[in-house]
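Protein chains: 2
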Amino acid sequence: MPGKLGEREIIRILTGIYGKGTRSPLDFDDDVAAVPLTGKRWMILKSDMLVGSTDVPPGMSLWQAGRKAVVATVSDFAAKGIRPRALMVSLGLPASFGKRAILEIGSGLDKGAREYQCKIVGGDTNQSDDLVIDCTGAGECDPGTLVRRDGARPGDVVAVTGKFGNSAAGLRLLLSKKKMNWSRAGTLTRAVFLPRARLKEGLILARTGMATSSIDSSDGLAWSLHELARSSSVGIHLETVPLAREAKEFAEKNGISPVELALYGGEEYELVVTVRREGFERVRRRVPALIPIGRVRQGPPAVTANVGEKTIRVEARGWEHFRKNVND
Amino acid sequence: MPGKLGEREIIRILTGIYGKGTRSPLDFDDDVAAVPLTGKRWMILKSDMLVGSTDVPPGMSLWQAGRKAVVATVSDFAAKGIRPRALMVSLGLPASFGKRAILEIGSGLDKGAREYQCKIVGGDTNQSDDLVIDCTGAGECDPGTLVRRDGARPGDVVAVTGKFGNSAAGLRLLLSKKKMNWSRAGTLTRAVFLPRARLKEGLILARTGMATSSIDSSDGLAWSLHELARSSSVGIHLETVPLAREAKEFAEKNGISPVELALYGGEEYELVVTVRREGFERVRRRVPALIPIGRVRQGPPAVTANVGEKTIRVEARGWEHFRKNVND
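These protein sequence lines map, in sequence, to chains F and A. So for the first sequence, my numbering puts the first residue at 23; every next one is plus one. So for the second sequence, my numbering puts the first residue at 23; every next one is plus one.
Do not rely on the hints blindly, as some may be mistaken.
Any copy will do: because identical chains look the same in the list, a pair fits if it lies in one copy or spans two.
Taking lysine-lysine and the BS3-like style, the derived pairs with C-alpha atoms no more than 25 Å apart in a straight line are [to be verified]:
no., residue 1, residue 2
1, Lys141, Lys185
2, Lys222, Lys121
3, Lys275, Lys185
4, Lys42, Lys133
5, Lys42, Lys141
6, Lys185, Lys222
7, Lys275, Lys62
8, Lys121, Lys62
9, Lys332, Lys133
10, Lys222, Lys133
In case anyone wonders, no lab produced these hints; they're calculated from the structure.
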């Protein structure tokens, strides 16, 4: 959020107001919000707002923007191991949009919902200067099955559901003026245009009872790791930075740091989880996508990583909006 | 929605896509969306998006805009007789907004939530050109207690929870260039700046088991009556048009039709309900605000009203956004 205040400062101000005198079962900054209905049943809610001028990169179609809005919301449910039952979608639409544009957005939203077996049950429609797609997911769960952010314990394995960097590389490709004639370009831009949420993996992980903490990676891998470390009051050390092959090639071709792409890029929708050491191999058989990348350590919340021969401190920098990156 | 397509046409296109192959327990155009969790329990959701350039009239503060966004969402729950348990609020904020603006919006939202004993549990924050406040309420209910739109039966009493026209008059006052030095001006602008949702009344009405159909009046009284008539396949005749005193005076002073203000103005948040004739007096003792205005009749969905010595046909015109009215 490149305005006068950062996005996190705005959230701090707002949660300071909303949170006064009330107790929530989950922190305001967890992936989802929980509303206890009974001791055994929580309602789970998550909203994700996509704004045309800051969240829709050049080249992304309205269909893809609609679908992505759903993926972003579902991804947070995935991280907690909860199935979203229904989606509400509010649209702010520029006055210039005709029937074709509406059909495109609506079909993209519908496709996203069907991919994750949830239904769009309602919403609202307004005219606005910017395209706005606000997608709210709703589900429910037994509190015991929800995988929080604060359960990581020293010795746990740190793992991710896929490799990182393609989305950050794809975004750089789309934002750069020069066309790139390169066979892998499609893989990179596809990572931006057609992200997927790891709902299946998240649901299985939660059911194993072995995942001690979990978060999605829409703000970048580094940010997610720092969030788990901070919430759980532990340190995290990565033996390896999970870098996608195409992102590595892109970085080499363009003289930029591949580790930078993997750690501080975004918007990826992989899950970042910690799993009890003794259960890890069993969990991995059920979630073959899972890649172990490090260990939880005792100590103050800090994140370090082996990069080549060196150990680096991973910074608590995250992904904000692409408009920010353009101005970097 | 003054764009190329009307708001209702856009909703028709979208629900045509979302609704394909699925069955919902409530129509897409009912006040809320329902998600059956078990036979005895439905999750209830409602989103209402407020956009600065079309929904915030001149003179309305950010605090009032925040509070109004909550009122608009709660009002639909009120119409169905369901308590919203939690609210999610997504904000699109112009880059120019500083800490003071955020505090104002947040405090207005929080005030609205507290008035109706529900909690803001989460949301999202983005930069956007327009101010956008999208408020999603979530609750649950026993399907048997929800008051639908399609239950009105011939003979039922048509009633409202308050008189109409002040909000439409207030809006005209705010949009007109000339200042009005008149003791009632404050009452009219207050109706615009500080609307209230009839949650208490809606909850009691539902509990009496005597309300056969219900809708809120945010699109105007005429539109609400037509919706009840259409959904229930009945006619509605008003013996009287419930016109607020201040709106009547405003109309007389300005040479405009008072009935026009009451029927086709908006955004009012009164409830429009039908109640079984034999239970009406009993219901009214429990909801003293209730004003009987007419009767449900057998016949095709049409709405008529006694105005003076004449019977008029009430048109199916509704409130859209105030920007539209400015251009009238």
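(request) Go through the copies and call it for Lys42 and Lys133: within, between, both or neither, with a Cα cutoff of 25 Å. (result) Classified as between; 12 Å across copies, 39 Å inside a copy.
(request) Indicate which option fits the pair Lys275, Lys62 if close means a Cα-Cα distance not exceeding 25 Å: within, between, both or neither. (result) neither (54 Å within a copy, 60 Å between copies)
(message) As a check of your reading, is Lys222 near Lys133 (CA-CA no more than 25 Å) within one copy, between copies, both or neither?
(response) Close inside one copy (17 Å), not across copies (39 Å); limit 25 Å.
(request) Could you figure out if Lys121 and Lys62 sit no more than 25 Å apart (CA to CA) within one copy, between two copies, both or neither? (result) Cα proximity of Lys121 and Lys62: none, with 45 Å in one copy and 39 Å across.
(request) Give the relationship of Lys141 and Lys185 under a CA distance limit of 25 Å: within one copy only, between copies only, both, or neither. (result) neither (29 Å within a copy, 38 Å between copies)
(request) Tell me, please, which holds for Lys185 and Lys222 at an alpha-carbon limit of 25 Å: within, between, both or neither? (result) Within one copy only: 17 Å inside, 52 Å across.
(request) Measure nothing new, just compare the shortest in-copy and cross-copy C-alpha distances for Lys222 and Lys121 to 25 Å and report within, between, both or neither. (result) neither (34 Å within a copy, 40 Å between copies)
(message) Within a copy, between copies, both or neither: which one fits Lys42 and Lys141 at a CA-CA cutoff of 25 Å?
(response) Close across copies (11 Å), not inside one copy (34 Å); limit 25 Å.
(request) Go through the copies and call it for Lys275 and Lys185: within, between, both or neither, with a Cα cutoff of 25 Å. (result) within (19 Å within a copy, 70 Å between copies)
(message) My question is about Lys332 and Lys133: at a cut-off of 25 Å on alpha-carbon distance, are they close within one copy, between copies, both, or neither?
(response) Neither, since 45 Å and 53 Å both go past 25 Å.
Figure legend: structure checked against the earlier numbered hints; hints not met, in rising order: 1, 2, 7, 8, 9.
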